[in-house]
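Novice: Residues per chain, in single letters:
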Amino acid sequence: MAFWDYANPTRFLKLVQVVLPWLTGLCVLASAAGLYMSFFIAPEDYQQGQTVRIMYIHVPAAWLSMMCYSIMAVSSLGTLVWKHPLADVSAKAAAPIGAAFTFMALVTGSLWGKPMWGTYWVWDARLTSVLVLLIMYLGLMTLWRTMEDPIKAGKAAAVLTLVGALNLPVIKFSVDWWNTLHQPASVMRMDGPTIHPDILWPLLVMAVAFTLLFFVLHLMAMRNEIMRRRVRTLRLRAASAAHPRSAVATAQPAE
Amino acid sequence: MSTWALALFQRDLRLSVRVGGSALVGVLFFLAVVTVIPFGVGPDLNLLSRIGPAILWIGALLATLLGLDRLFQADRDDGTLDLMLMAGRPLELVVLIKCLAHWVATGLPLVVAAPLLAIFLNLEPAAMGAVTLTLLVGTPALTLIGAIGAALTVSLRRGGLLLAVLVVPLAIPVLIFGVSAADAAIHDPVPFLTPFLILCALSLIAAVIGPIASAAALRFESD
Amino acid sequence: MFEDLSFSLEGGSALVVTGANGIGKSSLLRTLAGLVSLAHGSIRLEGGAPDTPSEEHIHYFGHQDAVKPALSVLENLQFWQSFAAAAHVSGFSGSSVDPMDALNLLGIGHTARLPAAFLSAGQKRRLSLCRLLVTPRPVWLMDEPTSALDRVSETQLLGLMNAHLAAGGLIVTATHSDLALEKTLILHLRAGDAAAPSPEEALQ
Amino acid sequence: MDLGSHAGFIFASYGLCLLTVLGLIAWVRIDKANLEKALKDLAEQGVSRRRPQEGGR
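Protein chains in written order, with our numbering: chain A, 1 to 255; chain B, 1 to 223; chain C, 1 to 204; chain D, 1 to 57.
What the hints contain is simulated information worked out from the structure, not anything from laboratory work. Worth double-checking, as some hints may not be accurate.
As a list, the in silico DSS-like pairs of lysine-lysine whose alpha-carbon atoms are at most 25 Å apart [stated by the list, open to error]: (1) A/Lys155 to A/Lys83; (2) A/Lys83 to D/Lys37; (3) D/Lys32 to A/Lys114; (4) A/Lys152 to D/Lys32; (5) A/Lys114 to A/Lys172; (6) A/Lys14 to A/Lys83; (7) A/Lys172 to A/Lys83; (8) D/Lys40 to A/Lys14.
Covered stretches of chain D (chain A as the covering partner; in silico rule of three or more C-beta atoms under 8 Å from a C-beta of chain A) [stated by the list, open to error]: (9) 14-21; (10) 34-42.
Glycine included, C-beta positions come from ideal geometry on N, C-alpha and C.
Extracted from the complex, chain A is given alone in its bound form (with noise of 0.2 Å):
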């Protein structure tokens, strides 16, 4: 356990010092100018009327849901392949996080769905696929709860994710290779966006919003994993080492 006491955790805590506040800057501005661009610039749409404001909200969390993902398969490797000292602190911080955000993207899916195609749910593939995503950031963080061990859950946890980046192109695809309602990408695409510049700025802004809002909370959630092993190591060590004092205090009473 000594290994995290150096180097690598320590020089990490304090770049999150320097890093943060402006991170935390960015992100709140970036979210004011996003959301009254949102609801003030952005035009509404000629088919879908107010209700595609929703969309500012509804994509960016999807992006997001699925870029921490991929963080969390990168950092999988990192535990399994390099032994990053930091990978697994990174993965198991990230879980809630991802959950959050996929919980957003289905919520507010949902709640465009019904005006839109007069119900909250259907179980078509894009919206089963992300479904399935939110399983698994919630069994990932469930696995790490059950768990004691932190290195051991790191590594079980890690094995659980790479399997589970598999549904990652299943949900990229799935407009397009199933016929779904849900329509199909406008703005990641390989012959340029398909969507007027009225609206594609307010996405772009709120995307970059919800991303410094992520690795605001990543790095926060980061420090706090470890701070909790930190205590944990500490613990271990409180418990073995016996106390001077109370070994005074027992010859007394016991006499």
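Keeping the supplied structure of chain A fixed, place chains B, C and D upon it in accordance with the hints.
Specialist: The following block gives chains B, C and D in isolation, referenced to the frame of chain A:
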């Protein structure tokens, strides 16, 4: 009476919520079961909304059974059960309180999750409310009946599967009246209150029979 | 399991059960604790509260520690203090020890707020011993009480056991190591027949 | 600004997202406070991170 009961309740609740506990696994399993059904029966929303209450009830039953095998086994494995038998507290009450704590940690989350999952199954708001209400009243019965199975299989290493087999037949009445009350709320002419009151009665009966039978089984088991 | 085994013990004295492995020392203790029912015969505790069964006057300290790793050390102990009922008997003057004091007494006070998962085997054993102190009961049944304990804790344990005897309590213990207890009877179990308890020191 | 007949859905989406984000922030902050308290308790007990290294491990 109140101090020791409260201490036991708090302890069991803490154990299931803390690291290594299993409080939320049940909800996750519930979610997984409900997600899997549409793959099996096809994504037809009309069909799903018709069988939705049944799916939710079966999901809740399975999720409850899943978590029950550790109800007494964890205490037996580390010698706590022996001490509980000698503690000078009525064992029936001890079982009842353990069941209550177990239900708060695992059954109540299922009830809370039910309306959310009902959205996936395209249930009407009325049906959603009815299913949630029947689950709120009915899941304690499942826990209390399951406790009998948990007490009978307490000394078996792999008791979980046997537990499910033993308990499912006993839980069928609860399932019947739970689903028929929920269905009655959807289809107008059938009265909702009749099956619902029977369900309440079943829970109350289970609250008496469950602890008595489990306590007897635990006493024999320690011999 | 046993035939024709009978002994009686008075307040303030200890019975040390010895014998080869597998002869049934642990079973004897579990029988006395009421965890295994008797085929014939009876166990009587004189002077106990009239309508409480004898096992509710007994602390059983077995091989298992009954320590929950997810709870803190203090939470473990506080649970047993409020859960196990105290038993008051005429001629027994033991009293309830505050959980924190009990932990300090056994030298694990500094771990009180740590999860019990962090304790070593010996520390868990000592935590389990604290359970006997926080709820006063006149009879202690101890199965290999010194296992997993180091020499210092063993001395502490002896001190506690003697204090319990001095307060008028009873101790029945199965052990391999020599325990320097005051007023001891020895019950040696052998295959075929059981020797009657032989007084090691004169009883009053 | 007129959000039309679906204003409820729009506000519900933004509101739920806000709640989720606030929940995440609360989780991180509460977790941090608890861990800092645990570290402080351990420091008061005199358990330091550096000691065992001197003991020649």
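Novice: If a hint holds in the structure, say so; if it does not, say that too.
Specialist: Taking the hints in turn, this is what the structure says about them:
no.: 1; hint: A/Lys155 to A/Lys83; verdict: holds (10 Å)
no.: 2; hint: A/Lys83 to D/Lys37; verdict: violated (30 Å)
no.: 3; hint: D/Lys32 to A/Lys114; verdict: violated (39 Å)
no.: 4; hint: A/Lys152 to D/Lys32; verdict: holds (23 Å)
no.: 5; hint: A/Lys114 to A/Lys172; verdict: holds (23 Å)
no.: 6; hint: A/Lys14 to A/Lys83; verdict: holds (22 Å)
no.: 7; hint: A/Lys172 to A/Lys83; verdict: violated (29 Å)
no.: 8; hint: D/Lys40 to A/Lys14; verdict: holds (19 Å)
no.: 9; hint: 14-21; verdict: holds (count 5)
no.: 10; hint: 34-42; verdict: holds (count 5)
Hint violations for this structure: numbers 2, 3, 7, all remaining hints satisfied.
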